[in-house]
Amino acid sequence: GAGVSQSPRYKVAKRGQDVALRCDPISGHVSLFWYQQALGQGPEFLTYFQNEAQLDKSGLPSDRFFAERPEGSVSTLKIQRTQQEDSAVYLCASYDLYGYTFGSGTRLTVV
Amino acid sequence: GQQLNQSPQSMFIQEGEDVSMNCTSSSIFNTWLWYKQEPGEGPVLLIALYKAGELTSNGRLTAQFGITRKDSFLNISASIPSDVGIYFCAGQITGNQFYFGTGTSLTVIP
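Residue numbers (the working numbering), protein chains in the order written: chain Y, 2 to 112; chain Z, 15 to 124.
These are computed hints drawn from the structure, not numbers from a lab. None of these values were measured; they are calculated from a predicted model. Please note: incorrect hints may appear among the correct ones.
[Stated by the list, open to error] Chain Y side only, calculated, beta carbon under 8 Å to chain Z, not exhaustive:
1. G43
2. P44
3. Y99
4. F103
Backbone N, C-alpha and C fix where the C-beta goes; we use that ideal spot for every residue, glycine too.
Chain Z with its partners taken away, still in its complex shape (with noise of 0.2 Å):
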């Protein structure tokens, strides 16, 4: 399968802070998804970006399609506590499947 690459493996930072993540490939994709998981639950779907250069925003979340459509980013404004979990990437090729990075672990102390 195809492997994605998500940095930083973890994160703790103060409440308040803004945080960063990306997801590369060596693959190029048509469709990039970003989801966070809380223990116990499944993913649940943060911001979908469909083509190259775009930006999108939900709430304090703002997540970019890079350009070269190999990597992708995620940057959370003023962190809160409930914005602990673990955050991954999706990348679509082609049809329906999604390949997922490792995932960025996010911790926020209060």
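Bound-form chain Y, shown alone (with noise of 0.2 Å):
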């Protein structure tokens, strides 16, 4: 696609649940990002794959988070047993030679 999708926009869960969070990037892009923003910050990196592999996973904050990219393309972060502090936006990117393109991130609300 021309940009990177990311599905759904917004997302509340109950605290436990478990959540999915699904990233399309821009075709062709082998670089994909997860960051994640906490309201009024910037965004702070969680996992890096470069095609199908996660040779970064450094800063996802606990064993609560896994992420995947199977197939080298569609991403899903998930969230097992959701926090209150878990609450953010989550923002995708793929990556070329001049930076990041970011797709419109999923606002994660636990309650």
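Using the supplied hints, reconstruct the complex from the two chains, each of which is provided in its own coordinate frame.
Encoded structure:
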């Protein structure tokens, strides 16, 4: 596609519920990143894929967070047993020579 | 992670005024990017800078990669209402990961 597409745009989860956030990167882009953006803050790195390989997951805040990109295109960020502190916008970006192109994000609210 | 400090934190200016904001770090960066984010949207790339001292323009926007490689500046000339948003700097040391600043919120008063 022309841009990075994320779904859903908004997700409300009850505390303890599992959620899955989807990212469709720009077609042909090898590198894909997930960032977490808390209210009033800049995006913070979560994890990075090159094709299907997860090369860096150092930013994942806990073992409740898991990301995959099994066929090197679409990626899913899964959060298990959501907590209130997980409430944030989750941004996906694909990367080319010029920098990141971001999706519009998924706003997760844990109640 | 790396700390990127942006200032000012927020700005309220009259339409037509020029705007200056900066981003500083204690670390040396190899690439600087400037992004603009509007409510409910992801950040959109404005300008990319790749070497120390580089000065790059994109319309009314001009950004500079500081000589020390620890800072970058963004200027907006003759501001208009649609310039409203949050401006983020992002720096890259090595690899593909970028570190983002805390943002400068710009409000333009018509």
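Verification of the supplied hints:
Interface restraint check: Y/G43 against chain Z, minimum CB-CB distance 3 Å, threshold 8 Å, status holds. For Y/P44, the shortest C-beta to C-beta distance to chain Z is roughly 5 Å, which falls under 8 Å, so the interface hint holds. Nearest Cβ of chain Z to the Cβ of Y/Y99: about 5 Å, under the 8 Å cut. The hint holds. Hint status for Y/F103: holds, given a least beta-carbon distance of 3 Å to chain Z, under 8 Å.
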